[in-house]
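Chains as they are written, first to last, in numbering that gives the first Met the number 0: chain D, 0 to 88; chain F, 0 to 572.
Source of the hints: derived by calculation from the structure; they are not laboratory data. A hint or two may mislead.
Straight-line distance between alpha carbons at most 25 Å, and here's what the computed BS3-like set of lysine-lysine pairs gives [what the hints assert, rightly or not]:
| hint | chain 1 | residue 1 | chain 2 | residue 2 |
| --- | --- | --- | --- | --- |
| 1 | D | 40 | F | 93 |
| 2 | D | 40 | F | 64 |
| 3 | D | 35 | D | 3 |
| 4 | F | 64 | D | 23 |
| 5 | D | 70 | D | 3 |
All values derive from a computational prediction rather than experimental measurement.
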Amino acid sequence: MVSKKVVVKNESGLHARPASVLVKTASRFKSDFFIKMYGYKVNGKSILGVMTLAAESGAEMELILEGPDEKEALEKIAELFENKFNMAS
Amino acid sequence: MKDFHTKVFSGRPAAHGIGIGKVWTLRDESSAVHPEKIAESDIEKHIGKFEKARELVSSEYEKLKYIPEDEELEEIIDAQIQTLYDPEVTSSVKSKIEKDQFAVEYAIFSTFNDYIQLMENSGSAWAKDRTIDIVSVRDELIRATKEKKKGYAVKKGEIVFAEEISPTAMVYLSRINIAGIVMEKGGLTSHAVILSQSLGIPCVINVHWNRYNIYDGSDVIIDGTTGQVIINPTWKQKEQYKRRREDEQKRFEKALEWANKPDKTECGSQFTLRANIEFLEELPRLNTHGAKGIGLLRTETVLFDSEKFNVEQQVEFYGKVLEAAGQNSVTIRLFDAGGDKILDDSSFEDNPFLGWRGVRMLLDKRKLLRNQLEAIYRVSGHFSGKVKILIPMVSRIDEIRSVKEICTNVMKNLARQDIPFDENISIGVMVEVPSIALMSEFVAKYVDFFSIGTNDLTQYTLAVDRGNEKISHLFDSFHPAIWRLIKITKESADKHNIPVTVCGEMASKPEAAACLLGMGINDLSMNTGSIPAVKSVLCSHTYKEMKDLSDKILETEELDQVYELLEGWRALY
Numbered sequence: 000m001v002s003k004k005v006v007v008k009n010e011s012g013l014h015a016r017p018a019s020v021l022v023k024t025a026s027r028f029k030s031d032f033f034i035k036m037y038g039y040k041v042n043g044k045s046i047l048g049v050m051t052l053a054a055e056s057g058a059e060m061e062l063i064l065e066g067p068d069e070k071e072a073l074e075k076i077a078e079l080f081e082n083k084f085n086m087a088s
Numbered sequence: 000m001k002d003f004h005t006k007v008f009s010g011r012p013a014a015h016g017i018g019i020g021k022v023w024t025l026r027d028e029s030s031a032v033h034p035e036k037i038a039e040s041d042i043e044k045h046i047g048k049f050e051k052a053r054e055l056v057s058s059e060y061e062k063l064k065y066i067p068e069d070e071e072l073e074e075i076i077d078a079q080i081q082t083l084y085d086p087e088v089t090s091s092v093k094s095k096i097e098k099d100q101f102a103v104e105y106a107i108f109s110t111f112n113d114y115i116q117l118m119e120n121s122g123s124a125w126a127k128d129r130t131i132d133i134v135s136v137r138d139e140l141i142r143a144t145k146e147k148k149k150g151y152a153v154k155k156g157e158i159v160f161a162e163e164i165s166p167t168a169m170v171y172l173s174r175i176n177i178a179g180i181v182m183e184k185g186g187l188t189s190h191a192v193i194l195s196q197s198l199g200i201p202c203v204i205n206v207h208w209n210r211y212n213i214y215d216g217s218d219v220i221i222d223g224t225t226g227q228v229i230i231n232p233t234w235k236q237k238e239q240y241k242r243r244r245e246d247e248q249k250r251f252e253k254a255l256e257w258a259n260k261p262d263k264t265e266c267g268s269q270f271t272l273r274a275n276i277e278f279l280e281e282l283p284r285l286n287t288h289g290a291k292g293i294g295l296l297r298t299e300t301v302l303f304d305s306e307k308f309n310v311e312q313q314v315e316f317y318g319k320v321l322e323a324a325g326q327n328s329v330t331i332r333l334f335d336a337g338g339d340k341i342l343d344d345s346s347f348e349d350n351p352f353l354g355w356r357g358v359r360m361l362l363d364k365r366k367l368l369r370n371q372l373e374a375i376y377r378v379s380g381h382f383s384g385k386v387k388i389l390i391p392m393v394s395r396i397d398e399i400r401s402v403k404e405i406c407t408n409v410m411k412n413l414a415r416q417d418i419p420f421d422e423n424i425s426i427g428v429m430v431e432v433p434s435i436a437l438m439s440e441f442v443a444k445y446v447d448f449f450s451i452g453t454n455d456l457t458q459y460t461l462a463v464d465r466g467n468e469k470i471s472h473l474f475d476s477f478h479p480a481i482w483r484l485i486k487i488t489k490e491s492a493d494k495h496n497i498p499v500t501v502c503g504e505m506a507s508k509p510e511a512a513a514c515l516l517g518m519g520i521n522d523l524s525m526n527t528g529s530i531p532a533v534k535s536v537l538c539s540h541t542y543k544e545m546k547d548l549s550d551k552i553l554e555t556e557e558l559d560q561v562y563e564l565l566e567g568w569r570a571l572y
């Protein structure tokens with residue numbers, strides 16, 4: 000199991016579009032993916048789960064991955080947070 | 000039973016244009032689904048139904064991705080499809096069928112409702128806005144389990160009346176070539192509204208049609224420019240609006256050709272037309288429509304889009320707008336919240352329009368004001384000489400002094416931190432409360448420019464609440480009293496040598512713009528869509544013709560005379 004703390008850097012938070020990008024990326028990997036935030040833990044491959052976090056800009060969360068390709072998956076997902084999900088805004 | 004009485008609603012204009020057609024109401028079919036149990040032998044069948052429904056809806060969504068150049072829409076649809084195949088949703092629906100032996104409809108219904116509830120309680124504005132997307136996925140799925148084909152019975156040329164329209168429903172509707180949209184809910188930022196603007200479908204929002212008996216098939220006219228919705232219009236009204244619609248279309252096509260011509264009247268005197276802007280989405284139209292920068296940047300969206308409205312977010316927003324304006328200036332109006340645009344923590348007021356709004360609210364919420372001013376001054380460092388500040392809802396001179404003091408403090412702070420800024424930003428006031436227009440001779444000493452907001456000036460001068468349907472017919476910016484107040488303001492400005500602009504809807508009507516130019520106000524700001532038409536009229540007339548018109552208008556006693564003159568003028572030249 001690997002994990003990493005990340006911060007939502009998008010101006011408007013982890014809304015529908017970034018959540019969709021996140022889920023799309025995570026679903027490409029075999030490993031299980033969970034997001035922990037304020038004591039909640041959601042399935043990171045579930046778009047509704049991610050959206051119900053209603054994470055605003057600046058929110059901190061922990062990414063947890065477990066499975067055969069966990070390291071690569073974590074790296075790719077953390078990169079998304081860093082690049083603001085490749086969104087213009 | 001059909002009701003033939005004419006009924007007029009006054010809503011909020013959301014997308015320009017006139018729509019004439021028949022009412023078609025979009026009502027929620029699937030209200031509650033009841034918890035129906037099934038036999039153990041039917042479990043397999045119901046799971047199969049779920050999977051089939053998912054395929055059907057997903058393929059329908061795929062077909063919607065047809066609007067070119069709308070990446071946002073494509074992403075929304077992708078998110079809808081992901082929702083269909085969400086692993087948590089799948090396992091919950093299946094478990095509700097297998098373990099609890101619920102029918103597939105209820106399994107879907109209750110699974111989605113858990114999420115909808117969570118999002119509605121999240122306290123995040125965007126999450127609440129997005130629940131409509133999830134509701135629409137839920138309803139599509141339930142419909143598909145019944146193997147009903149997707150289909151809106153709405154026909155070409157009808158006008159859709161809805162409580163709210165989901166982005167995907169909006170795309171269906173736009174394919175049918177509807178003539179207009181009337182929504183009860185929905186903000187100006189909702190995707191349905193932005194899409195209707197880009198598709199050129201007239202749209203009016205905040206119309207409480209649902210409280211009355213509105214029948215499908217009734218005649219209706221909607222005016223996306225003024226926000227009027229007329230059910231069962233009289234024959235005369237229909238003819239009037241038909242004429243206006245034809246005129247508008249013809250004029251617009253012709254007018255676009257004017258966008259790149261020089262801003263000069265036929266006799267060569269200069270004028271400037273600027274855009275009123277609220278959303279970043281509107282910016283690409285600045286150049287194609289011939290706007291010289293932005294005469295009114297509404298900033299309330301910053302308040303509504305994020306709950307924190309921090310300085311960085313604002314700096315980014317203003318920066319993007321200034322970039323789009325290029326060589327031209329941008330007048331940023333300070334938050335004009337309150338009244339009809341209520342901040343979350345404001346308490347209920349009996350008369351919100353006469354209440355805690357604009358500068359009154361800002362001076363009570365100093366931190367909000369300071370943050371906004373800091374953001375504006377920071378941006379000005381990169382766009383020196385291009386930023387102007389406009390204070391809304393001023394009714395007393397001391398309010399101007401208070402805001403200026405805060406500006407000075409903000410500048411001092413930035414200087415201390417060595418952050419560059421423009422120290423000569425022009426600061427102006429909205430002339431929208433009659434007291435300021437009447438006192439303009441004195442007010443002019445304290446400000447760098449006036450910007451006349453004709454909508455509120457009309458409301459306050461005529462004592463007509465814009466939102467009150469019973470008296471909406473009394474709301475008319477062409478009332479002789481308004482022209483007089485504008486004249487007074489212009490004369491005071493001239494005395495103190497400061498510029499005057501008009502940024503209300505009035506300026507977007509070509510004849511009215513001509514009259515304003517005749518009064519010597521040659522700097523007008525309006526919604527981008529109106530610029531070409533206004534420009535074509537100003538370019539093809541002489542200053543003298545406009546001066547003649549304004550001289551006559553200032554002598555009128557009654558509204559009818561104003562209309563006669565404006566219409567006559569158009570026919571004359």
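Against the structure, the hints come out as follows:
no.	hint	result
1	40(D) to 93(F)	21 Å, holds
2	40(D) to 64(F)	33 Å, violated
3	35(D) to 3(D)	10 Å, holds
4	64(F) to 23(D)	18 Å, holds
5	70(D) to 3(D)	11 Å, holds
Hint 2 from the list above is the single one not met by this structure.
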